[in-house]
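**Student:** As a plain string of letters, each chain reads:
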Amino acid sequence: MLTAWWRDPWRKPRVLAAVTILYLLWSLLPVLVAALFSFNAGRSRTSWQGFSMRWYYGDPVRSVWHDDTLQTALVQTLRLGVVTTLVTVPLGVALAIGLHRWRGRLPNAANSMLLLSFVIPETLLAVALLLVVTNLALPFTLGTTSQVIGLVTFQLSYPAILVRARLATIGSQLEEAAMDLGASPLAAQRRVILPMLVPAIVASAVLVFADVIDDFVIVRYLSGDASTEPTSVKIYNTARAAPTPALNALATLMLVAAMLAVTLGFLLYRWLSKRTGENESIGSFAGET
Amino acid sequence: MRKAGRKPGNRLLGPILAFPGVLWLLLFFVAPLYVVLAVVFGGVDPVFRTVIPVWNPVLWSSDQPSYVLSHIVGPDGFFGPALLRTAVYVSVASVLCLVIAFPIAYYVARLSGRWKGLLLTLLIAPFWISYMMRMLAWVNLLANDGLVNRIISLGGVFPGDTEWLSGKSVVVILGLVYGYVPYMIIPLYAGLDRLPSELVEGARDLGAGRVSAFWRVTWPMSRPVVVASVLLTCLPMLGDYFTSDLLSGSPATSMVGNLINETVLTPGQTGQAGAFVLLVLIVSILPMLYYVRSVSRSEGSMA
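Taken in sequence, the protein lines are chains W and D. Taking the working numbering, I'd label the letters of the first sequence as residues 5 to 293. Taking the working numbering, I'd label the letters of the second sequence as residues 1321 to 1623.
It should be emphasised that the hints constitute simulated quantities derived from the structure, not laboratory data. Just so we're clear, the structure is a prediction, and the values are computed from it rather than from any experiment. We put the beta carbon where it would ideally sit given N, CA and C, even for glycine. A few of these clues could be false.
[What the hints assert, rightly or not] Selected chain W positions facing chain D (Cβ under 10 Å, derived; list incomplete):
# : residue
1 : R105
2 : P111
3 : L140
4 : A214
Please model the entire structure based on the sequences and the hints provided.
**Tutor:** Written out as structure tokens, the structure is:
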């Protein structure tokens, strides 16, 4: 009977389904367990001692709310996320439109440079920028400014690639029609192309924000001192040194922030996509074009 | 086809819009790589042990890179094991990632209906969860009194006292797989989703079995996507030092990323860190260029 089931060409792919379910359990359960232990009443991160909000705000010294170092890390993470997104998205969108319209060898070289910045191992870029900041007389030192510069450089490819993919599907007819009807090239971009790009821009903004608040390598090398170390660095520094569940609480808060940003972004994206007739998929939120 | 230059402003708009982004990349992506060269081929202050970058290539000295190169193989080859380990860890982890990611990406790409959206969201979710949090989760689970040891000991029946978190290669490799497999599933899914399923159905209709339809139709079609996805996961692994630090913290599992991380902030050794950066860059430049070429080509066919 088993061989008959195996030979049936139209059977449902149960093996693949099982592999997928097992993978999802393996990939998500450890994180859920870590999040659960942030609500532990005791200071163990391995044995459950009852539910409490102690590590969020109850504990007067070590909770995220009362421990200044944890709070600083949280604020720094969100600050880097917002500032980097605000710089990266306009820069990347302009780059995408510019490269799309500009023909010749130079834009091809620029496009290759952009793609290289996307695949370079992050550690290499971070060390290179660290050497720049520590060896050149620049108007800024290690700290938030350096971190933002590094993050923008590493993230610039996301909006550029997503927006270029969308531009390729839009084609040039609409723009030409606008110009035939008397619009200047700039006005055609602003009034015809840009509105059609809004869903892709929203998706890339969410993607950049979610990726920046998770970043570790660049923000660690380019942080000046403890006051500019964000959550990920805090976790790295204390994960092996007998931490309390407050560390899990901090990580859980970041998780909630990322999920909130993605959910709100996706709802906005779906609403905008319906209006512009774009095929909406959650995949765009992971850089899929 | 677009008519080039129908208005004078039309031709300039592209370069003008691209200029700020291109300038940014030249200043903060290309120029820093030159600074690395200036540091690697520069000198070290004999008193303060600080870096003295040499900007003129004519004056470059090869003291620091040759120091690193001469300590890779031979009796003084204390850098060799970490480099070899990096190659082994990254290869094994990449293969494991592919073995896990391919069936999942293939299954979800072939799926339709409401389950597809839900599964896709769950598969992408780790992408938005911080890498450090995911490693922290395993640090908790693999601790001496953690869940893994307690499950193995079945509540004290067996001695579950394995020290998972000190210098175990298996743990570091599984950590790498756990950390990077989501980054492979997403591009694989995107590529497999675009494959025409009619060809596989045609092969089956013409009498190919499940296995031969896969090897003769699906696999050849998906090879470019597989190569690109493997590159996207193994390139960042080459610079990874934090997985080994968090899940082992022992020199017995250090990778080239650990060599970079340990030397870059040590006075007098920054040039060595730069030399390792160059080494990784040289190893990864061909795969990187291959990726750029394959992406540019598919963009060309789309436009």
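**Student:** It remains to establish, for every hint, whether it holds in the given structure.
**Tutor:** Tested hints:
Here the hint on R105/W is kept, as its CB sits about 3 Å from the closest CB of chain D, short of 10 Å. With its C-beta approaching chain D no nearer than about 7 Å, P111/W sits inside the 10 Å limit, and its interface hint holds. Interface restraint check for L140/W: the shortest CB-CB distance to chain D comes to about 7 Å, inside 10 Å, so the restraint holds. Hint on A214/W holds. Least Cβ distance to chain D is approximately 5 Å, under the 10 Å limit.
Hint compliance for this structure: every hint is met.
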